[in-house]
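Participant: Residues per chain, in single letters:
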Amino acid sequence: MMESRDNTVYQLAARMAIVAGGVLIVACALLVYDYARRLAKDPFEAPIYSSLRAALEQQPTNEALKEHFRAVDLELRREFFRQRAFARSGAVLAIVSLAVMLFAWRVAVNARRRPPAPEALDAAVDREAMWTGRARWAVGGVCGVLIMAALYLIINAGLSGAGGRYSLADFVRAGTKAPSPEANQALRRPSNGIGEKRDARDETPPKDAEVAKAWPRFRGPSGLGISAYGNVPERWDAKTGQGIVWKSAVPLPGNNSPVVWGTRVFLSGADKTKREVYCFDADSGKLLWQHTVPGTPPSAARAPKVLDDTGYAAPTMATDGHRAFAIFANGDLAAFSVEGKPAWSKSLGMPENSYGHASSLLVHKNLLLVQLDQGGSSEAKKSRMLALETASGRVVWQVTRPVPNSWSTPIVIHAAGRDQLITAADPWVISYEPASGKEWWRADCLKTDIGPSPAFADGRVYVANENSELSAIQADGQGDVTATHVVWKGEEGMPDTCSPLATKEFVFLLTSFGTLTCYDARKGGVLWAEDLATDFAASPSLVGSRLYLVSKTGKSFLVEPTRKGCKRVAEGDLGERCVTSPAFQDGRIYLRGSTHLYCLGESKH
Amino acid sequence: MRIAWYSGMAVMLLATSTAPAVERFPPPDFSDHELPRTEMPAARAELYEYLDLAVLGIGLGMATHFAIGRRSRRGLFVVTVVCLGWLGFWRGGCICPIGAIQNVSLALFEPGYALPWSVAIVFGLPLVVTLFFGRTFCAAVCPLGAIQELVALRPVKVPLWLDQALGLLAYVYLGLGVIFAATGAAFIICRYDPFVALFRLGGSMNLLVLGASFLVAGVFVGRPYCRYLCPYGAILGLLSKVSKWHAKIPPEECIQCRLCEEACPYGAIREPTVAMQRQTRQQGRRRLAAVLIALPLFVAGGFWLGQALQGPMAKVHPAVRLAERVHAESVGLVSGTTDASEAFRTSGRSLTELDREASAVYAKSYWAGGWFGAWMGLVIGGKLLYLTVRRRRAEYQPDRASCVSCGRCFWYCPSEQARQGWVQLTPGRQ
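If you're matching them up, the sequences are chains A and B in order. Residue 177 is where the first sequence starts when you use the working numbering, and the numbers rise one by one after that. Residue 11 is where the second sequence starts when you use the working numbering, and the numbers rise one by one after that.
In short, the hints are calculated from the structure, not lab data. Each hint should be verified, as a subset may be incorrect.
[To be verified] For each label pair, taking beta carbons as the anchor points, the in silico distance ranges come out as:
1. A/L297 - B/G134: 39 to 45 Å
2. A/R181 - B/G71: 45 to 51 Å
3. A/R258 - B/G71: 42 to 48 Å
Just so you know, even glycine gets a beta-carbon here, dropped at the ideal spot from N, CA and C.
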């Protein structure tokens, strides 16, 4: 009778346990499915959300669009909370079914419970001795595992999320300066130059007069493409050797332009695996020194993806007369003394740049300024502007920039009684205080891929780019000056890569297909346009009142602009492709072709 | 069964892997939208605090009564369900004596931290009870133990040698929990509480999977968390060794039927010992001498190795992690920013100040690591000592450190059944 009752209880309980188990499995499966769905389908990445956001950026004052966006936003939020409620209900269902299953299972087990039937043991065997002996070995094993784990942690005690190679101790020991692997190694072994600590107080930044004499960065002392010297050559021909002082082969390719300080000309070159810096003698063209830039993990672990037109060494170097600085497509940044001694190097991380990093460096006082715009969207907040101490590489300040990747080079101007660091990217032209990174003003002027660098003349900043407009911005604003300080705009002759050139009177734009457009700087409006019938990548330069324009084929044009038009004065031919901008010095022009560095001028011979 | 055991362990390992994306809910996408002000919820009424303590006290009293006095497995089961409901699902598993270890540690090492009296009671009361009655807290009051007790439906026996070795992990966890709490780095015992997400019906997917894995494993391996990880269980085990009125298996005389040993799913019952041979005794003495000599070496070696763990231990502290992150972002070693680094940058706090704080933690971690290593050396040496010292038993007895007073053995003990009047023992068949 009792057995029959137990059997019935068992049958009932077992079935209940199975049903509850089934419900539990279904509830868990639904919860997991719901979780996976939520992970895979982020409502805020929904196409409608993205498209509305993009539309709103284009039409920020469109109230109807805003209302629509709000409705979509609300619906997405409701959906979110519906999902939350679903998950909560699912969890309750799962717990209840688990409790029922456990209860039923336990009842079933109890109904069929039979007392254990232990086997007889040999009373003579010392089982305690046996298992304690094994246990001692097992404890030894656990001890060994713990020691191994400790050693693993000690050896790999790296920086969380940074390749596991650096720690706070490295930063602190290095005096919170940039802990490049070289600096770390230098802390552990005799110095080889890299990571050598130099006291910034030992040297003063170059004086303005010294900077003005040199060509220390992309497009000259101010980055405006204006030569301080008027006695530079007007004609040259590589075939005949006319006007060629010297010509030297550059070991590795690079689309960067030469920079010059005193008797030294600096260039960089790189390919997929190697990055180098070169110093040539300005008088003889002799390669004075060349250095490989040490690979700096983690960025050097793989080659960046770049367009052929950009290459691995597109950014032009910068120099302050004490050191020469170079940055490459993989984010490696290096400083060498002008004598060729490695000063410091570090990685800024692999830039996420669709064509390859190309923004050039510049030095302002004792700061090396780096515009590191990256990422396909400003939402990612990956773009940064950094200021590093030239002597040590220590980051003095950095700010996150609300822009995606760009290729333009910033300039430092003095306007409205203050130094301003002007940057151009999509969509913002932003002015920062160079010493602190504090933002002065910003203007929404540009669209899509921004290659041309800003220009400046007579208190106005000029920016232009293909797919957007030429904007003249009065550089004395504060905050968002889009509506208040954009003095005029132009739509014709927009450049792709060539930067604008501005004077008090004119603003010149050069398209990639060879149209030179001249605007009236004061009032705006096109004065004239000249078709040069060849392709250009290099930015125009101004010597005296004449423009130097170097085409991709290596053919150059010297034109004399007036308000009514321009007169072609002379032409030159480098004999090889050229996408870089010339550096002007006393009686000389330094120009980099696809494989050679040229010094143009009156040959001593 | 073995496959199930290994599968359970594999799932648990998977569950401890990197967390998937955290669910976030960004604010509306309009600059003119005013975000509602974040308000702190009102403090929990003090009444509930008293109520929690009352439930804990009554639970302990009832569990002790049923384990020691009434020797009633059914009674313990009822207490288990009630305590699981109140302390687990209703109170969300917080506060519990296991996590309170950290509050007490922080209070001992950080003068600025005042230990709430309720936390002190929650931490101390089970210890006092254990000192007198054994681990009756684990038997039915602890919600973590209770939920595992309920799912232990088909437990298999873990070999004793393995059970003893795995039991060391609880001491590792205890050491880390105390050290990290004392240095203000983290309350890791709470952070990785495997059942809290189940109790609260929500939490990170990792913790949910971890808790579910422990439950699945708990069907086949009795109370895996209690036996191999619970830091409070490690303390209670030590106290229980010297408990005055620990639960006995047979109420009177043991008839050595071995039923209790077979019935115990936790490997907590020790069989009677046999007389040792002279040679074995001599070997044992030599071994004991070696372990006694090695014990200070273990402690010293552990201290030395622990000091070398300074770096990894310091990284658990948020200030160190933040300082490293900010430096790494500054030099471009990592891309993007984290919420913490963003908050730091907007706080106006200087990096030098952060570095100073992080460096202080770093320096503190040197000694913290050393003491942790020494603790582990002591634990390993102590365990070897325990396994070397021979004890004499004439009958089946619970290992007081391992026994959680669950009362399963009572049910099967013929002497107990006779005492209850369910069966009658025939003297000739003993």
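Participant: Look at each hint and say if it fits the structure.
Facilitator: A quick look at each hint next to the structure:
Checking the proposed 39 to 45 Å range against A/L297 and B/G134 shows it holds: the Cβ atoms sit about 42 Å from each other. A C-beta distance of roughly 36 Å is found between A/R181 and B/G71, which places it outside the suggested range of 45 to 51 Å. Range check, A/R258 to B/G71: Cβ separation about 46 Å, and the 42 to 48 Å hint holds.
When held up to the earlier numbered hints, the structure conflicts with hint 2 and nothing else.
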